[in-house]
Amino acid sequence: LKAQIQELLNLGFIRPSVSPWGAPVLFVKKKDGSMRMCIDYRELNALTVKNKYPLPRIEDLFDQLRGASVFSKIDLHSGYHHLKIRESDISKTAFRTHYGHYEFVVMPFGLSNAPAVFMDLMNRVFHPFLDQFVIVFVDDILVYSRSIDQHKEYLRIVLETLRREKLYAKFSKCEFWLDRVAFLGHIVTARGIEVDPSKIEAVSKWDTPRSVANVRSFLWLAGYYRRFIEGFSKIAQPLTNLTKKAVRFDWSQKCEESFQELKRRLTTAPVLSIHDPTLEFTIYSDASKMGLGCVLMQQGRVVAYASRQLKPHEQNYPTHDLEVAAVVHALKIWRHYLYGGRCEIFTDHKSLKYIFTQRELNMRQRRWLELVKDYDCTISYHPRKANVVADALSRRSYGKLSCLFTEQDVLLREFERLQLEVVEPPSTARGMLTSLVVGPTLRERIVAEEPNDRFLCRMKEISEAGRVRGFAVASDGALVFEGRLCVSKVWELRREILREAHSAPYTVHPGSSKMYQDLRKSFWWRGMKWQVVRFVNVCLVCQQVKAEHQKPRGKLQPLEIPLWKWECITMDFLVGLPRSRTGHDSIWVIVDRLTKSAHFLPVRTTMKASQYAELF
1 LKAQIQELLN LGFIRPSVSP WGAPVLFVKK KDGSMRMCID YRELNALTVK
51 NKYPLPRIED LFDQLRGASV FSKIDLHSGY HHLKIRESDI SKTAFRTHYG
101 HYEFVVMPFG LSNAPAVFMD LMNRVFHPFL DQFVIVFVDD ILVYSRSIDQ
151 HKEYLRIVLE TLRREKLYAK FSKCEFWLDR VAFLGHIVTA RGIEVDPSKI
201 EAVSKWDTPR SVANVRSFLW LAGYYRRFIE GFSKIAQPLT NLTKKAVRFD
251 WSQKCEESFQ ELKRRLTTAP VLSIHDPTLE FTIYSDASKM GLGCVLMQQG
301 RVVAYASRQL KPHEQNYPTH DLEVAAVVHA LKIWRHYLYG GRCEIFTDHK
351 SLKYIFTQRE LNMRQRRWLE LVKDYDCTIS YHPRKANVVA DALSRRSYGK
401 LSCLFTEQDV LLREFERLQL EVVEPPSTAR GMLTSLVVGP TLRERIVAEE
451 PNDRFLCRMK EISEAGRVRG FAVASDGALV FEGRLCVSKV WELRREILRE
501 AHSAPYTVHP GSSKMYQDLR KSFWWRGMKW QVVRFVNVCL VCQQVKAEHQ
551 KPRGKLQPLE IPLWKWECIT MDFLVGLPRS RTGHDSIWVI VDRLTKSAHF
601 LPVRTTMKAS QYAELF
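First residue of the sequence shown: 1, per UniProt numbering; consecutive thereafter.
Hint data in this document are derived by calculation from the structure and do not stem from the laboratory.
Certain hints may be false.
Stated by the list, open to error - What follows is a list of derived Cβ distance ranges for each label pair: (1) 54 to 217: 20 to 28 Å; (2) 213 to 311: 19 to 27 Å; (3) 204 to 123: 29 to 37 Å; (4) 42 to 173: 24 to 32 Å; (5) 113 to 179: 31 to 39 Å; (6) 213 to 26: 15 to 23 Å; (7) 499 to 583: 20 to 28 Å.
What the hints assert, rightly or not - Derived pair list, reagent style DMTMM-like, types lysine to aspartate or glutamate, alpha-carbon separation capped at 20 Å: (8) 92 to 43; (9) 166 to 140; (10) 521 to 482; (11) 73 to 153; (12) 173 to 160; (13) 73 to 179; (14) 84 to 165; (15) 332 to 370; (16) 514 to 500; (17) 84 to 60; (18) 529 to 500; (19) 73 to 196; (20) 289 to 321; (21) 170 to 314; (22) 50 to 89; (23) 332 to 63; (24) 173 to 149; (25) 73 to 165; (26) 173 to 75; (27) 73 to 60; (28) 289 to 314; (29) 373 to 280; (30) 152 to 89; (31) 166 to 120; (32) 373 to 450; (33) 173 to 196; (34) 596 to 572.
Each residue gets a CB set at the ideal place from its N, CA and C atoms; glycine is no exception.
Construct the entire structure; sequences and hints are all you get.
Put into structure tokens, the structure is as follows:
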């Protein structure tokens, strides 16, 4: 501490102070093992009017590196100390030590506005060269070029600019003529961008979090590289839930699996391609009840991954709206790539490609459609088996993505449809075939239950005798009515049919009329329409999600003010009163709307309309 204070005094960066302000001093260990003196300006920063000068997005900076193969990195030496502090504000930077009270004459590290002020300076210094061959982020400078000859000229321009502006670099932290450079926590090469192994070493060695604060710190560090991780939001969901308010910290097995999976994904993150603005973008989007997922690609190479969890109100959206939400999420998050250019969006929801021609849209869909129309994009259908990448981002996959083949997805769906069950996982395909158990089909179970229904048995006997029209016996012994399979009164079978027609993933919860018309094409039983209506009315999803289809009620309009008294009256009855000696048990109240004068007449609840007319 004493040595660093003396060095700052010799350089003229600090001076003795009598300021009423005073911040404590801290020390932070550097990479080389030495200690750096830092001032804790948190109290001062809380009272500071913030400078809103925008810092560049790191993703936008990397987009400029398309085609670059030669790099040089320059790190300025004590960059903040190149800026003087206004005389009236010097006293606010005072700090206290047991060697005395001092204040900064130049801008110190730790002030909340320091990065914005220095970023403004660097942008003005290198303004002619930005987006051409120089990237500046606060005090880090990256020079890039396509060839060695170009790089030599660009490097000369940058160094001369620094010398002219009297900005000095720390030679030990500068690197020149590189084909692979570490910059802002990433490794940049001609192939693309990847995670810096030295930066994620802290993640791989991170101990199991013991508090919510530890979880937030881990998610913040891992989230910095979320564009490299497929389905980041889905993987991190158990950890994210721990950070919510009023949630008890309980480190479960799911949290541990999520924690370890994020660490593994970071250490095996892929190389992302740098986008080419001259090429068309391709987006694969998908949605599920777990979240939204999308992939941005060019010429078959991944540029970025994106995913997020569903908000509480979005969990009630129907499938169609969730798929549109995934498209909107992709357009919003990659607007800087897609706006003004052409892109093609692939989704595994077939009806989505007709959204531009739909006539009836709800307010949410109209709002989304207005946003989509701002982009030059086309929406195309891609089967889920071909849309496997985005599909894996939005839903729980059957395994890791590296082992997720389209044949496996199709096979599992066929298992569900045919009611196949794998008894024991074998090691060979032959073993798999021998361990399948096939359950009876729905038709076979319906036919098997017919003898338990007296009405169907009687109809079957009459139809075989030819004494009834409409009923017939099929070749498998099933009773049919006008070509439709007759279902017995067993409620389990009927409920299964109703559930399949209403709640299956491909039926999207139709209304009672549509559901009945669909069912009556294949099945028949007495009272089917009534049971369909009752089944739909008690469906929880329909009650929570579906919009009202009745005509809206008319607007409330005030009644016209009458011109004469007793021209317009209002009346009501007060009933349920104790019976009087004359037999009256109610009061008839009549009020003139103009004068508000009221008449109260004793009446009986048994009186007829003619009696009321005479009394009036």
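Quick rundown of the hints versus the structure:
In this structure, residue 54 and residue 217 meet the distance hint of 20 to 28 Å, their C-beta atoms being roughly 26 Å apart. With their beta carbons about 24 Å apart, residue 213 and residue 311 fall inside the hinted range of 19 to 27 Å. Against the hinted window of 29 to 37 Å, the Cβ-Cβ separation of residue 204 and residue 123 comes to about 36 Å, which satisfies the hint. For the pair residue 42 and residue 173, the supplied restraint of 24 to 32 Å holds, since their beta-carbon distance comes to about 28 Å.
Separation of residue 113 from residue 179 is about 37 Å and conforms to the stated range, judged on CB atoms against 31 to 39 Å. Take residue 213 and residue 26: their Cβ atoms lie about 19 Å apart, and the range 15 to 23 Å holds. A beta carbon spacing of about 59 Å between residue 499 and residue 583 contradicts the range 20 to 28 Å that was offered as a hint. The straight-line distance between the Cα atoms of residue 92 and residue 43 is roughly 11 Å, inside the 20 Å bound, and the hint therefore holds.
Only pairs whose Cα atoms come within 20 Å are accepted, and residue 166 paired with residue 140 is accepted, the gap being roughly 16 Å. Annotation: proposed proximity of residue 521 to residue 482 holds, straight-line Cα distance about 10 Å (limit 20 Å). Between residue 73 and residue 153, the direct Cα distance comes to roughly 15 Å. Compliance with the 20 Å bound is thereby established for this hinted pair. The straight-line distance between the Cα atoms of residue 173 and residue 160 is roughly 19 Å, inside the 20 Å bound, and the hint therefore holds.
With a C-alpha separation of about 11 Å, the suggested pairing of residue 73 with residue 179 holds against the 20 Å cut-off. Only pairs whose Cα atoms come within 20 Å are accepted, and residue 84 paired with residue 165 is accepted, the gap being roughly 14 Å. Of the supplied pair hints, the one linking residue 332 and residue 370 holds, its CA atoms being roughly 13 Å apart against a limit of 20 Å. Proximity of residue 514 to residue 500 is assessed by CA-CA distance (about 14 Å); at most 20 Å being required, the pair is judged to hold.
Of the pairs offered as hints, the one joining residue 84 and residue 60 is violated, with about 31 Å between alpha carbons and a cut-off of 20 Å exceeded. The hinted pair formed by residue 529 and residue 500 meets the criterion: a straight-line CA distance of about 16 Å does not exceed 20 Å. For the hint linking residue 73 to residue 196, the alpha-carbon distance of about 15 Å falls within 20 Å, and the restraint holds. For a cut-off of 20 Å, the pair hint linking residue 289 to residue 321 stands: about 12 Å separates their Cα positions.
For the hint linking residue 170 to residue 314, the alpha-carbon distance of about 51 Å lies beyond 20 Å, and the restraint is violated. For the suggested pair residue 50 and residue 89, the alpha carbons sit about 15 Å apart, so the restraint of at most 20 Å is met. This hinted pair checks out: residue 332 and residue 63 have alpha carbons roughly 17 Å apart, not beyond 20 Å. For the suggested pair residue 173 and residue 149, the alpha carbons sit about 24 Å apart, so the restraint of at most 20 Å is broken.
Pair hint residue 73 plus residue 165 holds up; C-alpha atoms about 18 Å apart against a cutoff of 20 Å. Pair hint residue 173 plus residue 75 holds up; C-alpha atoms about 6 Å apart against a cutoff of 20 Å. Between the alpha carbons of residue 73 and residue 60 the distance comes to roughly 18 Å, so the proposed pair stays at or under 20 Å and holds. The hinted pair formed by residue 289 and residue 314 meets the criterion: a straight-line CA distance of about 9 Å does not exceed 20 Å.
At roughly 17 Å between alpha-carbon atoms, residue 373 and residue 280 fall within 20 Å of each other, so this suggested pair holds. As the CA atoms of residue 152 and residue 89 are separated by approximately 43 Å, the hinted pair breaks the 20 Å bound. Between residue 166 and residue 120, the direct Cα distance comes to roughly 16 Å. Compliance with the 20 Å bound is thereby established for this hinted pair. Between residue 373 and residue 450, the direct Cα distance comes to roughly 56 Å. Violation of the 20 Å bound is thereby established for this hinted pair.
Taking the CA atoms of residue 173 and residue 196, the gap is near 17 Å; set against the 20 Å cutoff, the hint holds. With a C-alpha separation of about 14 Å, the suggested pair residue 596 and residue 572 falls inside the 20 Å cut-off, and the hint holds.
In summary, the numbered hints that this structure violates are 7, 17, 21, 24, 30, 32.
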